[in-house]
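Note that the sequence shown covers residues 1 to 345 in our numbering.
Simulated from the structure, these hints should not be mistaken for lab results. Backbone N, C-alpha and C define an ideal beta-carbon position, used for all residues, glycine too. Take these hints with a grain of salt, some might be off.
Capping the alpha-carbon separation at 30 Å, the derived lysine-lysine pairs in DSSO-like fashion look like this [to be verified]:
hint, residue 1, residue 2
1, 102, 157
2, 133, 169
3, 249, 274
Beta-carbon label-pair distances, calculated as ranges [what the hints assert, rightly or not]:
hint, residue 1, residue 2, range
4, 133, 15, 18 to 24 Å
5, 205, 18, 55 to 61 Å
6, 156, 20, 29 to 35 Å
7, 229, 275, 24 to 30 Å
8, 275, 118, 35 to 41 Å
9, 188, 30, 43 to 49 Å
10, 335, 146, 42 to 48 Å
11, 287, 30, 25 to 31 Å
12, 172, 69, 47 to 53 Å
13, 156, 133, 23 to 29 Å
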Amino acid sequence: IDGVKALATDKIDETSGSVLITKAQWQNDINIHVSSYNTFPTAAGLASSAAGYAALVAALAKLMGAKEQFPGQLTTIARQGSGSSCRSLYGGFVAWRMGGEKPDFSDSFGQQVADETSWPQMRAVIMVVSDAKKDTSSTTGMGTSVATSALLAHRAKTVVPSVMEAMEKAILAQDFDSFGKLTMQDSNQFHAVCMDTYPPIFYMNDISRRIVRLVHAYNDWSSKHSGGAIRAAYTFDAGPNAVLYTLDKYAVELGALMLRYFPAGCSDVASYIKHASFASDVEMHTLDPSLLEHASKVMGDPAEEGDVKMVYYTKPGPGPQDMDDLEDSNLDPRTGLNTYAVQHK
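Using the sequences plus the hints, can you model the full thing?
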């Protein structure tokens with residue numbers, strides 16, 4: 001809050017042109033009431049903190065008319081709450097520049113590589129293996145890894161720069177084969193760092209690893225039976241939940257394959273897959289018999305119903321958005337009091 005206050009400007013009444021709140025008042029006399037509500041699993045390795053801090057900084061910046069002194073300054077403020085939030089202030093594909101040459105780390109910021117319309121075929125199927133709070137927070141885990149993992153130091157110095165360059169090229173060229181391979185390899189290496197940490201950190205579980213095997217089986221089948229390249233790519237952040245990237249032409253097939261091996265814990269697929277039309281398409285889809293035969297050799301029997309708690313389906317979107325409908329607001333504009341406790345029971 002103090003970081004955004006330092007960038008505040010006078011708040012002007014749009015009708016009269018008079019000054020409602022001066023810059024000095026923002027910094028010295030104004031208290032801020034923050035109300036935050038997640039509709040996504042919290043502290044489960046699905047970037048809920050990144051979303052929350054990005055929304056907070058974006059809302060404060062609009063309220064106070066904050067003016068950046070250099071491009072990306074607001075992202076440097078957001079990442080102090082959650083590192084990944086520096087990427088969530090922009091839409092589409094965003095890089096977190098490492099920085100470190102400046103003593104105040106103002107050169108460590110988020111920078112958009114391509115906006116949300118640049119790769120319209122990109123899709124994500126998110127498998128929520130656990131919506132419970134993880135045992136080791138991202139901040140605690142990273143601190144321990146920095147202190148104890150030699151692999152992390154090597155990764156940051158030697159591996160990450162070349163991977164970042166290759167990933168940006170893949171995104172701009174819409175090269176899903178390269179994008180997918182880089183994504184999976186980077187995810188695997190991140191969790192290798194977690195294992196190299198002392199004591200080791202276990203974010204993935206047996207269900208996570210079954211998802212990995214199924215994705216590789218799917219890609220292997222694609223390569224052998226249809227001459228295709230990678231159709232799906234997994235990535236796991238600091239948690240057991242899988243984000244599966246794919247292209248729109250394969251999304252329903254991928255969803256149906258995941259449903260086959262990770263069936264819903266309820267009879268209503270529409271309640272399991274949080275996207276009505278996608279859920280319907282997935283439920284109606286008939287998988288290629290040769291794909292099922294190939295997957296069964298790798299996977300064996302399907303997992304228990306409910307091993308995956310829910311599934312989301314989405315695509316690259318914009319950064320923080322204003323809520324036009326007051327019913328979606330967390331605060332009552334007449335009283336300034338919370339409303340979400342009533343709305344989201």
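**OP:** Find the hints from earlier in the document that the structure breaks and name them by number, from lowest to highest.
**Re:** Those not satisfied are hints 2, 4, 6, 8, 11 and 12.
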